[in-house]
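Asker: All chains, full assembly: derive it from the sequences and hints.
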Amino acid sequence: MQRKKIVTIGGGNGSFTLLNGLKKYSVDLTAIVSMTDNGGASGVLRDELGVLPPGDVRQCLVALSDSSEMLRKLMNYRFEEGGLKGHSFGNLLLSALEKINGSFAKGVEEAVNILNVKGEVVPVLERDTNILFELKNGEKISGVVNVDHSFDLTKVGLKKASLFPKAKASKKAIERLLEADMIVIGPGHHYCSIIPNLLADGIPQAIRDSKAVVVYNCNLVNKQGHTDGFSLDDYVTDINKYLGGERINFVTFNSQKPAAYLIKKYADQKELLVNFSKEEKTDRKYKIVKADLVSGEKPNYSKVDVFASRRAFIRHDSDKLAKVLMMILEMGDRENIIKEII
Amino acid sequence: MQKKIVTISGGHGGAMVLGGLKKYPLDISAIVSIADDGGSTGILRRELGVLPPGDVKECLLALGNQEFWMNELLTYRFDAGSMKGHTVANLLLAALEKINGSFIKGTERLAELLKAEGRVIPVSEQLMTLHIKLGNGEILIGETNLDFSEEIYQFGVKDIFLEQRVQACDLALRAIEQTDMIVIGPGDMYGSILPIFLAEGIVEALEKTKAKIVFVCNPTNRKGQTSDFDLTDYVEMLEKKLGKDKISHVVFNNSPIPDVLSEELRAKEGEGGIVSIDRRKDVSRKYQIIEAAILKNEKIVFSDNDAIASTRAFIQYDGDKLAKVLIKILEE
Numbered sequence: 004m005q006r007k008k009i010v011t012i013g014g015g016n017g018s019f020t021l022l023n024g025l026k027k028y029s030v031d032l033t034a035i036v037s038m039t040d041n042g043g044a045s046g047v048l049r050d051e052l053g054v055l056p057p058g059d060v061r062q063c064l065v066a067l068s069d070s071s072e073m074l075r076k077l078m079n080y081r082f083e084e085g086g087l088k089g090h091s092f093g094n095l096l097l098s099a100l101e102k103i104n105g106s107f108a109k110g111v112e113e114a115v116n117i118l119n120v121k122g123e124v125v126p127v128l129e130r131d132t133n134i135l136f137e138l139k140n141g142e143k144i145s146g147v148v149n150v151d152h153s154f155d156l157t158k159v160g161l162k163k164a165s166l167f168p169k170a171k172a173s174k175k176a177i178e179r180l181l182e183a184d185m186i187v188i189g190p191g192h193h194y195c196s197i198i199p200n201l202l203a204d205g206i207p208q209a210i211r212d213s214k215a216v217v218v219y220n221c222n223l224v225n226k227q228g229h230t231d232g233f234s235l236d237d238y239v240t241d242i243n244k245y246l247g248g249e250r251i252n253f254v255t256f257n258s259q260k261p262a263a264y265l266i267k268k269y270a271d272q273k274e275l276l277v278n279f280s281k282e283e284k285t286d287r288k289y290k291i292v293k294a295d296l297v298s299g300e301k302p303n304y305s306k307v308d309v310f311a312s313r314r315a316f317i318r319h320d321s322d323k324l325a326k327v328l329m330m331i332l333e334m335g336d337r338e339n340i341i342k343e344i345i
Numbered sequence: 014m015q016k017k018i019v020t021i022s023g024g025h026g027g028a029m030v031l032g033g034l035k036k037y038p039l040d041i042s043a044i045v046s047i048a049d050d051g052g053s054t055g056i057l058r059r060e061l062g063v064l065p066p067g068d069v070k071e072c073l074l075a076l077g078n079q080e081f082w083m084n085e086l087l088t089y090r091f092d093a094g095s096m097k098g099h100t101v102a103n104l105l106l107a108a109l110e111k112i113n114g115s116f117i118k119g120t121e122r123l124a125e126l127l128k129a130e131g132r133v134i135p136v137s138e139q140l141m142t143l144h145i146k147l148g149n150g151e152i153l154i155g156e157t158n159l160d161f162s163e164e165i166y167q168f169g170v171k172d173i174f175l176e177q178r179v180q181a182c183d184l185a186l187r188a189i190e191q192t193d194m195i196v197i198g199p200g201d202m203y204g205s206i207l208p209i210f211l212a213e214g215i216v217e218a219l220e221k222t223k224a225k226i227v228f229v230c231n232p233t234n235r236k237g238q239t240s241d242f243d244l245t246d247y248v249e250m251l252e253k254k255l256g257k258d259k260i261s262h263v264v265f266n267n268s269p270i271p272d273v274l275s276e277e278l279r280a281k282e283g284e285g286g287i288v289s290i291d292r293r294k295d296v297s298r299k300y301q302i303i304e305a306a307i308l309k310n311e312k313i314v315f316s317d318n319d320a321i322a323s324t325r326a327f328i329q330y331d332g333d334k335l336a337k338v339l340i341k342i343l344e345e
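Quick mapping for you: the protein sequence lines, in order, are chains U and F. In terms of our numbering, the first sequence is numbered consecutively and its last residue is 345. In terms of our numbering, the second sequence is numbered consecutively and its last residue is 345.
The reader is advised that the hints may include incorrect statements.
Claimed, not checked - Going by beta-carbon spacing under 7 Å, a handful of chain U positions derived as facing chain F: (1) E51; (2) M73; (3) K76; (4) G85; (5) G89; (6) I103; (7) G141; (8) Y264; (9) Y304; (10) M330.
The set of hints was computed from the structure by calculation and includes no laboratory data. Where is the CB? At the ideal position from N, CA and C, for every residue including glycine.
Answerer: Now the structure itself:
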């Protein structure tokens, strides 16, 4: 039987978790990665070297790397002092590869060789661009960092999200989406990682045109100022809006309450956990797969990672998530044989 | 059994020798100075508190079997921002030291990553801060002064020493004691070669070893440091540190230096830039001189972002030619 093709769409952390699980199965993996990060070490490299932001791509490369533990550690190692403080070696390596090869995409291809990556990592677009969010009061917020820090998305409401300057999706990303058996969206920051991928010109259409099963891994927690009070259906509705049609077939949803000490990390956040109520909606065109998807591990972020405080503490478990996705993927094959499971 | 060779060198000279030697079935250990504190290496040393990666890295790259593009990547120097001037390989070695908790372990990991044909051993795991005594009695602190100080041109270097004792690492001592041949140089005498003998234990290990000790004499002199030196002066300079009559062979280049290069050398270092050999002094010598044509034919080009490019030697030996000579000495 031909190996199934899975294409994932996301940012750095979420894709890392997702890919770490999926890579254990014999499937062809392509990770499409957002390219609009302008914060932290990636932002500094963008500003100082004029390169594209390497951070999210790096995380996907490391997740899919079949090289030694040492090389993986090295890629994620962050310098702790001096002018290099906060930079990860992997980001610097990717920037050097971009400089040498003249394009980020070619640099990533070289990195795939060096790190013995099992699969593909495809930057969603290949030009220097930022997200531009226009709010209902006319206010404009530009760049992932500003959007990330803004509370106005909830307070005022988002009117229109776009890329400025506009950017076409990379050809490869579109090709892979069209050929995919399954497209997996998320987990990841909704407005900073997931939506920016869908803003690249050509991505929504490719997903609409693809024959793939489209699965959305619903986030576990809402983000303050961005998605306060969002329910599962709100997320799906929002993503479908950017996809330009009700294209999502399955949504995975966590049924297990996260550990109390992790919930405490989000001290005063109300409506922290994403809610799902069967009755909220009656005409869903997507199926919801409820399962225990939450990780019991304590996340361990570097102390010089400027985003450490903002990275998720309640996270998906790689293996649990992958298992559910593989079951969904296989379901397609059996549909013709098994008529119904009652 | 494979013959064992130990090289004692700095970065560039070491890389050249090792690049030639690695093509032979030998057990190679390169002992490298850690006194370097200039350029990218100096910044990493000061800011990250790592041992200076520059020389170790150059030797490892030379011993490595990485593909060409990999080499291009590792030697890539950033040209802007806070990483300006750093090479990827220097950052790599610094990160490996941090991850593995020791410079020697970091060096070993890099050797594995590069599939190096031999080991590179930093002479010590302690930081070494070079003190440079000038002809007028003044003392400059830091190896990088050798590259940029006007005073050195004016007063000349009298000697180098350390204020704090630095213990040579066991790996280096064992390598010296158990080897069949030791190759010293070429390289900056005060900047790269002699600091290795300042690490405690090295001179004693050289005392004990039965190995042949070959000195590869530099082709060119450095103003204020080895002005007007001839072969004998170099040997005497070395003997002051490692004891009399320890050197068994001296390799000396006898291929003529092209006019263009000697002109350039005259402009940079003044007269007396080319090392001469005074054959009349032969009588009292305990070492054998091997004269050979070992000069590299093409001119060496350095990166624009290399902060210390101006200090790097542009008249260099050919690693393959030199290795051939060294193998002959080893087998004789």
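Asker: The structure should be examined with respect to each hint, and the outcome stated for every one.
Answerer: Each hint tested on the structure:
Here the hint on E51/U is kept, as its CB sits about 3 Å from the closest CB of chain F, short of 7 Å. This hint holds: M73/U has a C-beta 6 Å from the nearest C-beta of chain F, less than the 7 Å allowed. Proximity of K76/U to chain F holds as hinted, the smallest CB-CB distance being about 6 Å (cut-off 7 Å). A cut of 7 Å between beta carbons decides the hint on G85/U: the least distance to chain F is about 3 Å, and the hint holds.
Checking G89/U against chain F: minimum C-beta separation of about 10 Å lies over 7 Å; hint violated. The closest approach between the C-beta of I103/U and any C-beta of chain F is roughly 6 Å, which is under the 7 Å cut-off, so the hint is satisfied. Nearest Cβ of chain F to the Cβ of G141/U: about 36 Å, over the 7 Å cut. The hint is violated. Evaluation of the Y264/U hint against chain F yields a violated restraint, the C-beta minimum of about 29 Å exceeding 7 Å.
For Y304/U, the shortest C-beta to C-beta distance to chain F is roughly 16 Å, which exceeds 7 Å, and the interface hint is violated. Using the Cβ-Cβ criterion of 7 Å, the hint placing M330/U at the interface with chain F is not satisfied: the shortest such distance is roughly 38 Å.
The structure does not agree with the numbered hints 5, 7, 8, 9 and 10 stated previously, though it agrees with the rest.
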